[in-house]
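Student: Put the two chains together into one complex, using the hints given.
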Amino acid sequence: SQKIEQNSEALNIQEGKTATLTCNYTNYSPAYLQWYRQDPGRGPVFLLLIRENEKEKRKERLKVTFDTTLKQSLFHITASQPADSATYLCALESNQAGTALIFGKGTTLSVSS
Amino acid sequence: DTAVSQTPKYLVTQMGNDKSIKCEQNLGHDTMYWYKQDSKKFLKIMFSYNNKELIINETVPNRFSPKSPDKAHLNLHINSLELGDSAVYFCASRTGNYGYTFGSGTRLTVV
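Protein chains in written order, with this note's numbering: chain A, 3 to 115; chain B, 4 to 114.
Isolated chain B (complex conformation) (with noise of 0.2 Å):
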């Protein structure tokens, strides 16, 4: 019954590699959002998707490219992976003016 889900949960990979992170809810949202948790603890925000429209798109290397294939899957690919690339990747969802519904978390290693 869990509302967000990202797959997987952790995810080692080698500097250079291209890797995708999914994310599904299954709240009826409408709109989807990925942000990124450093080492800091610091949460911020990368992408949104309202009905598979892109609608906020941060400063974020084009190395990322998210993609909504229907309102309730936003996922996340990212190429060519660096170190800095390393931290936790959460996705979330709201519909309206209400609190965002998270999921657990993607927490991504680049060696």
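Next up, chain A with everything else stripped away, as it sits in the complex (with noise of 0.2 Å):
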């Protein structure tokens, strides 16, 4: 069956780091990845799309890759800020019909200062 995994449920880094979170998925050929955040008590927001066909993408301090022969994608933050601290989901989707968005379980990110 699919599965899609985020390295960690938590990471802890310090105020000007970079943050790097890692997603991994098995049984699946997405045809998009999406990076959404996700705040206590809050729905998801979304922060970025790559294509299967694009290696990189970025978004200000935000850069996703996309491995599509590792099976794999890195979100990172760039010079993280305790404004970052939240969950980052990671998300799949395929270009059949009548699919949706499938999510992997999170990562919780703590900055500190």
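Each hint should be verified, as a subset may be incorrect.
For the chain A half of the interface with chain B, some residues (derived, Cβ under 7 Å), not all of them [claimed, not checked]:
1. Leu51
2. Gly100
3. Phe105
4. Lys107
Simulated from the structure, these hints should not be mistaken for lab results.
Note that the structure is predicted; figures quoted are calculated from it, not measured.
By construction, the Cβ of each residue, glycine as well, lies at the ideal position given by its N, Cα and C atoms.
Tutor: Below, the structure written as structure tokens:
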């Protein structure tokens, strides 16, 4: 069955460092990979989308890589700030009709000052 | 100006009751979804509608019935509520192959 694994449930880093979150998947051929941020008591917020034919995407301090050979995505937050503390969700979607995003369980990032 | 709004935000009810959760989006998106987030924070797709037509119906008990009166609304009706239905339910919408926009969730507690 399809499986998405995010490397750890929790990641603690110091302010100013780069946070790197990992998403691995098996038994799936996604056309798109997305990253979301979720704060406690709130819905997920879309951050970035990367297509299967793209290697890297950037948006301000965020960078996503997508390696379909390794079946892995890396999500980087550079110059991290305490306000970046949240749960980050990796999600995959195929091109097949009648499918929706499937989510990993998330990694909770804590940035300390 | 809320893009995807769900009501109610909190719902506490007894086992066996029937309840509904409403969702509306003002983004002009043509696809809407219901997701369930359990106590372990795992988000799982339940249903999806595209222009009022059901396109995804995952393995969900038939006590759950979605209804889409128009493409801006997707409601979720739950019959004979059980303890295991306690979770946070999220509505979402999207257009094309872009990111989803989620509502703020409805926390359902069955006692």
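Student: Does A/Gly100 meet its interface restraint, that is, does its C-beta lie within less than 7 Å of any C-beta in chain B?
Tutor: This interface hint holds because 5 Å falls under the 7 Å limit.
Student: Once the shortest beta carbon distance from A/Phe105 to chain B is found, is it less than 7 Å?
Tutor: Holds: closest Cβ of chain B sits about 4 Å from A/Phe105, inside 7 Å.
Student: Per the CB criterion, is A/Lys107 less than 7 Å away from chain B?
Tutor: 5 Å, holds
Student: With a cut-off of 7 Å, does the beta carbon of A/Leu51 approach a beta carbon of chain B closely enough for the hint to hold?
Tutor: Holds: closest Cβ of chain B sits about 6 Å from A/Leu51, inside 7 Å.
Violated hints are absent here; each numbered hint is respected by the structure.
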